[in-house]
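Trainee: As a plain string of letters, each chain reads:
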Amino acid sequence: MKKNSLLSKLISAPHIVWAAIFIVVPLVMVVYYAFTDRNGDFTVENIKAMGYYTYVNVFLRSLWYGIIVTVICLVIAYPFAYVISNLAPKTQGTMVMLIMLPMWMSLLLRTYSIMALISDTGIINSFLEAVGIGRIKMINTPFAVILGMVYDFLPFMILPVYSAMTKMDVSLIETAYDLGANKRNVFLKVIIPLSRSGIVSGATMVFVPSVSTFFISQRLGGSKTALIGEIIESLFVKNNNPHLGSAISLVLMVLILICMFVMNRFGDEEEGAVMI
Amino acid sequence: MKRIVAVLISVIVALSAFISASAEDDDFDYLREASAPLKGTQLNVYNWGEYIADGKDGAADVNAIFEEITGIKINYTTYDTNEDMYTKLKSGGTSYDIVIPSDYMIARLIEEDMVQKLDFSHIPHYSNILDEYKNLYFDPDNEYSVPYNVGMIGVIYDTTKVDPEDVGSWDLMWNSKYKGSILQYNNPRDAFATAQFLLGIDVNSTSTDDWDRAYSKLVEQKPLVQAYVADEVFSKMESGEAAIASYYVGDFLLMSEVNENLDFYFPKEGTNVFVDSVCIPNSAKNKTAAELYIDFLLTSEIALENAEYICYASPNRTVVENEDYSLKGNEYIYPTEEPITEYYHNFNSDMNNMMSDRWNSLKLEGSSNLSTYIGIGSVAALAVIWFIVVKIRKAKRNKYYEQV
Amino acid sequence: MKKKTPLGIAYTALILILLYAPIIVMIIFSFNSSRSTSVMTGFSLKWYRDLLYDSEIIKALYHSLIIAFLSASISTVLGTMACVGIERMTKKSAKSLLMNVTNIPMMNPDIVTGISMLLLFTFSGLILKKSDVLGFWTLLITHITFNLPYVILSILPKLRQMDAYLSEAAYDLGCTPAKAFFKVVLPSIKTGIISGFLMAITLSIDDFVISYFVTGSSWQTLPVKIYSMTKRFDPTVYALSTTVFFAILILLILKNFFQSKSEKRSIRGEKTE
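Sequences listed follow chains A, B and C, in order.
Just so you know, we're using the numbering used here here: the first sequence kicks off at -6 and counts up by one.
Just so you know, we're using the numbering used here here: the second sequence kicks off at 354 and counts up by one.
Just so you know, we're using the numbering used here here: the third sequence kicks off at 818 and counts up by one.
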């Protein structure tokens, strides 16, 4: 190893430089903009604004939506991952492919097709009317926003949970049975703890985008309930106020860090990288 | 027999129209000549969405024709609102050679020195612009802008769902009978204007009091609103999903081609009129090409193509006077009885901030925060309990091991 | 343990149907004879024909593919190099610092990554007095940046699994470090590199939020183009995605087919040995 210590230092140098310029510096820029005003003078007004009624509520609501979506995704994905992890290896491969495939379609298009499904004159409502049940109001409600998020981010939950399950040591489960544990206990005391790292990384991958999305709430929620992503987008794209936008982004980042820290406490202490 | 003759005549008329159109190719002679040195350069055009004939529905592809004649490559991108366009220009990073903002935005761009004076010697077809669209308030000396389209806002409604007696005023958008079928603008300026017109407040008022009144009117409307929309209004009105929307009259004509049950009126309290004009931003890299592009848009043939496709009123004399113009004298876009109208004027940045603050709080109105508080609270409580339980268990286990 | 309960199978099928319902809607309406995306009025190939003539969409697709391919390639090369370096780092604190920084774009909300890049680019544009920084290069840089952590995460585990003595042995046998890398290390982390590359392509093609903030006037990717098409959203885009969908489906099926064939062959090969 000694022979090539210089080379080994050099070989990751491009990446280190890259990360410094394009990961660290942009974050420094966010902090810089958050603490300056239009004239470039130092100010804490932008951060102070986060204490206003409006923003506190937007933050809380976005977090709440994120939590709901994460929980729903987990409830749907867990049994699903469990079932496919018990299939024959070849079928498993096909199933994973089937789950990955929708991710290749643009998120925007998937959201548009959900609109076509649940809108007032959409396919589901036309069907319900034909059957005689009558129309149900779905689009432009919080329900539609959550449905859209669950649909768009579900694969992000299934894949890590599934991969944690395939890595599970089957002999541990068998041992538990041999030691006289019943099904319920095996599930609660062995399977769930063993797949915990998958749950945590899946939860992260669902929670973060659902807290910060702006497109889904715009299109499926009719822009009636503002989520934090929409506010950030409008500050940068419409209202030309990058300073306030940066302040909100900064607070959002900190909040998400806290949430992830809490979530990681639930999981094992190992690095949460089960996705691949 | 009569019918056959009629068909024959129409064919001949169509053919002669075609021939005369190609004879008018002289129109482009100037362009061809002037653009020769610019061959191979690029032109960044930033326009409203669906605001140019782009080859769909049998229309000509205007940008493609320009590229073919001049050899200049067009990069064409679009925006949804004046504010989007302004922010993109202001924040830098991108350069555009052509933008097409509305009146009040042009006033702001001129004030903030973001657009440059045009060289009208490159725009000989400017003479096609009708006199009434020259010397407008935002560009009194015709130095910075060339009118592209003229439009007005009004109310679009679905005749199968809306009682004819309710029609005529802005209050239709506040009529609780149509709860859940009303679409409101998703941009502050236009949304506030609907309330201001209804209340008889000047849309250019700078009194906070006036804006508060308009704000409470919008809060009152919120439970009735199906969605706050921009161009999504098209699909929502065309499919019959919504019954009432306030939007641009030209767009109503496009929608009514798809959904014939739609009708339109100018509210009696008055409404907004706007002129969208072509400007060249300071950041432009290819100014001469941009001026040639403006001139190209003014030629009778291209202006006609655009007017037919976009369905907005044209400020171009050759279009308005053209016998073949299918919208000539259309009651909606060229109303004989002029409705009461008002231009938006530019606000200073304090006013704009005040407007966007109110807009953000409008988005929060009405939906209960209680469930959010309870939800977040209980999740936090659960997390705390979990930690305590885990800690206690660990302590117990450690004790047990110690004993063993 | 390998049990197949009918309930489980039924559940899986139900979820898959729900997952695919919107895609099926998209496919069906790409053949609609009218513009509507909610009422089927008849069968036609109109939108596929329109697609062929819609130069703007084709151009945006071309932009998307170029950005995806370039950013995936560059981030794979950069990432592989970084992994080798990270694996050989002796200081633990430096190693974990670098890993944490690398993972930031993966952990950060997309919108924050997008606006932070936008701020960086516009700021440097101001300094350089260049009014058109946003464009091809900024898109490429941004895509490389958010692809990197995924590439590294898929290569690093393979590198850890590799027998450390293998490259030692190569040196002892007189290999230069470069030769040892190409002859020994690279083949054993090949699968990680390939899956990282594919992951990067997927992420890059699918990305809307980050690209939305860093596109300029001259280089729009497909998702950004689709977003700006709200006014007259017509089934042309459905036609495009249906085409893409089936192209990917066929690719995946072919890949699986060849893989199982080569697996069989390798098994047979092992047996004859």
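One or more hints might be untrue.
Where chain C lies over chain B, by a calculated footprint (3+ residues, C-beta under 8 Å) [unchecked claim]:
1. 420 to 432
2. 441 to 450
3. 586 to 599
4. 687 to 696
Just so you know, the hints here were simulated from the structure itself, not pulled from any lab data.
Ideal placement from N, C-alpha and C gives every residue a C-beta, glycine not left out.
Trainee: Each of the hints needs a verdict: does it hold here or not?
Mentor: Hints, one by one, checked against the model:
{"no.": "1", "hint": "420 to 432", "verdict": "holds (count 5)"}
{"no.": "2", "hint": "441 to 450", "verdict": "holds (count 6)"}
{"no.": "3", "hint": "586 to 599", "verdict": "holds (count 4)"}
{"no.": "4", "hint": "687 to 696", "verdict": "violated (count 0)"}
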